[in-house]
Amino acid sequence: MSQAGEVGLAALALALGASVYAPVAAGYGRLRNKPAWIESGRRALLAVWPLLSLALAGLITLLLTGHFEYRYVGAVTERSLPATLKVTALWGGQAGSLLFWSWLMSGFAGAVALRRWDRDRDYLPGVILVCGITLAFFLGMTALLENPFARWWELADGAQIASVFQPHGSLPLFPVDGRGLNPLLRHPGMIIHPPMLYLGFVSFVIPFAFAMAALISGRNDDRWVRLARRWALVGWLFLSLGLLLGGRWAYDVLGWGGYWGWDPVEIAALMPWLSGTAFLHSVMVEEKRGLLKRWNTVLIVLTYCLVVFGTFLTRSGVLSSVHAFAQSAIGPLFFGYIALAFLASLGLVMWRWSEWKTEQEFGPVLSRESLFLFNNLLFLGILVVCFWGVVYPLLSEVATGQKVTVGPAFYERATAPLWLALLLLMGVAPLTAYGRSSARALGRLLRLPIVLAGAVVGLLILSGVYHPGALLGGGLAAFVAFVTLAEFWRGAAARRQRHAESWGTATLALIARNRRRYGGYFVHLGVVLMAIGIIGVELFQTETQGTIAQGESLRLGRYRMLYESLTEFDTADGRNVARAVVGVFRDERRVGTLAPRRDYFIQAQQPMTIPGARSSFEGDFYVLLVGWKPIAAEGATFKIYWNPLINFLWAGGFVFLLGTLVAAWPDKEPEAAAIQLLGRAAAGVSSS
Amino acid sequence: MTRADSRPALWLWAAGLLWAGALFTPATVKAQAPTPSDDEVNAVAQDLYCPVCENVPLDVCPTVACEQWRETIRTKLGEGWTEAEIHRYFADQYGMRVLAAPEARGWNWLVYLVPPIAFLAGAVLVVRTLRRTPEARVDAPPAPSREEAARVEAELRRRDR
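Protein chains in written order, with this note's numbering: chain A, 1 to 688; chain B, 689 to 849.
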């Protein structure tokens, strides 16, 4: 047995022990009012991350050194796999990804345990409880059901089994090579996509922990919201990044010409993002007006459960999906945990229901808080569509025995009006005020953006765009863009007037002074760009497919693709590659050469279609090699797409992330600033 | 036999040929129709999923099995089948899961009814929440006094520096 394996296994067992002890000690300390026990629980929680780091280091060592006697190593690596991919194979299978998930979670739990708890000591037991229980569940599954340190053994009757400990009378087995990593996971995008999603998932556990801690402690001010918001923003940032990278990976690797296929596992990652986005908006209402206290706890409970549900969908293999590469029998446990967590959390909310009643009341419909309530309704409306579309096939199978598929058309038709309504709200809400808004003043502010958006629609019609969806979506996107830019302009103009600054300085100072607000506006601008990209691809994508001989062409709109050559060869990493070379002509002028290819992973017996794409501001000319005749000169089949405005989607994603980063950037806590202000005021009074 | 005598026979031949043509032309045209293009096949295939490949529409699935399905679609299109008939054929052969969306009948109505009902219920809840607040009772925050405003301005200027 490898030393790295022994150390890793011991560290994993100790980490499990610490994660079980932490919530027990903190809970006992809270019940008996014994701070020493709570502190002991906190220290135990702090110990989990270093222990899991050791376990992770052990597993990575095994992966890098090719110890195929370990079941996990053999399942996700092979000798010929490059070292980088051997490391990323850590999350290429179920056992490794559960360990990795727990390691990230323990990092966040450790970070939150390390913060100064002076003012929030009454939250500490609850936070340890939630983080500890979550960790104990995931580590329990890792250690007891999906242990990455399980080894192969041959029993006396010749049967081979994987077990952590040596079964009686068995002999260790030493396979000479492994099965290798799933071909889909060998793309650079896949190296970073899962960690980002997992980071997004685990960071949403912390706001949930604060919400539960507030409910347990009975403290019903908005402090938990202020603490939770930043963690939620971090989670949102990573989840958004994970979703975007997933979209890019699908576009580059899956060879369907799109970026989002409404696959159940994609939706599983989108759902906590939707409830998290609703939470990030409604939490502002609680901070500013003291409203929606109970609703915010419900939203964060929902987000936590959707995070675990998302991991469940990916890991349990309950749904057939392109992502279901890691299936095992841990599904019922996951399901039970989600049900228990949901019921226990809702039970806590109900327990404090009357105490958390707010004294404030909503403003009129045109107030900011009312519009945020509509925003929540729309986000949850999309969430219901997604959730229902994912679970209905399972329910149908259970209830009627009939398997059904809920494909992209269902989601697109059901969610499109809701997305459009969100765009409209995104344009109106920033111009409203909390408490009240005068319809006349709002109308005055809206007039110019509406006129300009109308002009954009007119230009679209003049340029030959008549699709009602495109005109509506384009008009709304333009409206949001003008409203948002006007907000920047108004703020910068006011600063220029007050401080005599240049436009650049005034704008930068404006953003720096109110990162949260202007970060949010950047996010809105990112959404506008993404909406343009989505409208372009969803409504105006064109495609054609044909089989042509060498020297022949396929045409699509202004483009022509000339089939020049095709070569087939084997690679050292176990692929048989068929690579075509095609010339791309636009208006009969050669603009580039592309090399679409089909990789066939011999050991996994899995083909992968890698497109060739020529990107421009206008869109992508995207070519897939669908098939070819044994004698390549006879002919090959190509599928070509014209994806208009697709790059707006990626650029919008970048702006979106930038805005989230600006909004999430740590700021001086308002309370601290107020204390400083009061201190200075007092000093002024005493000196005068 | 004179030329005039031969005319009825010619007409008879012509009529016979026309009739035979009328009888056989559709079938002959069907059989000799150009092979459906890849685009026509994909237009039908994009709304189908094979039961083995996981959530990949048939028009883009690279497996051999899906290639064979596409060839079946080509054959059926060549035989004059409509898109709906081809979808029905695959659903009968392999079950409802091959269709991109469940047919709206029986239990499957739930797919289409639950989301709008849930949304409407949410909308009612929102409207009720907002209605509970009479506009007249909304109090504006008290305006800051001149001294307070000056102090805030001064502090903001100091923080800007």
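A couple of the hints might just be wrong.
Result set (BS3-like, lysine-lysine): computed pairs, CA atoms no more than 30 Å apart in a straight line [to be verified]: (1) A/K357 <-> B/K764; (2) B/K764 <-> A/K403; (3) A/K357 <-> A/K288.
Partner residues aside, some chain A positions facing chain B, computed with beta carbon under 10 Å [said to hold, decoys possible]: (4) P82; (5) V265; (6) V384; (7) V385; (8) L394; (9) Q402; (10) T544; (11) T547; (12) A549; (13) G551; (14) W628.
FYI, nobody ran anything at the bench for these hints, they're computed from the structure. Where is the CB? At the ideal position from N, CA and C, for every residue including glycine.
Checked hints:
no., hint, result
1, A/K357 <-> B/K764, "violated (65 Å)"
2, B/K764 <-> A/K403, "holds (25 Å)"
3, A/K357 <-> A/K288, "holds (16 Å)"
4, P82, "violated (24 Å)"
5, V265, "holds (9 Å)"
6, V384, "holds (5 Å)"
7, V385, "holds (5 Å)"
8, L394, "violated (12 Å)"
9, Q402, "holds (6 Å)"
10, T544, "holds (6 Å)"
11, T547, "holds (7 Å)"
12, A549, "violated (15 Å)"
13, G551, "violated (19 Å)"
14, W628, "violated (12 Å)"
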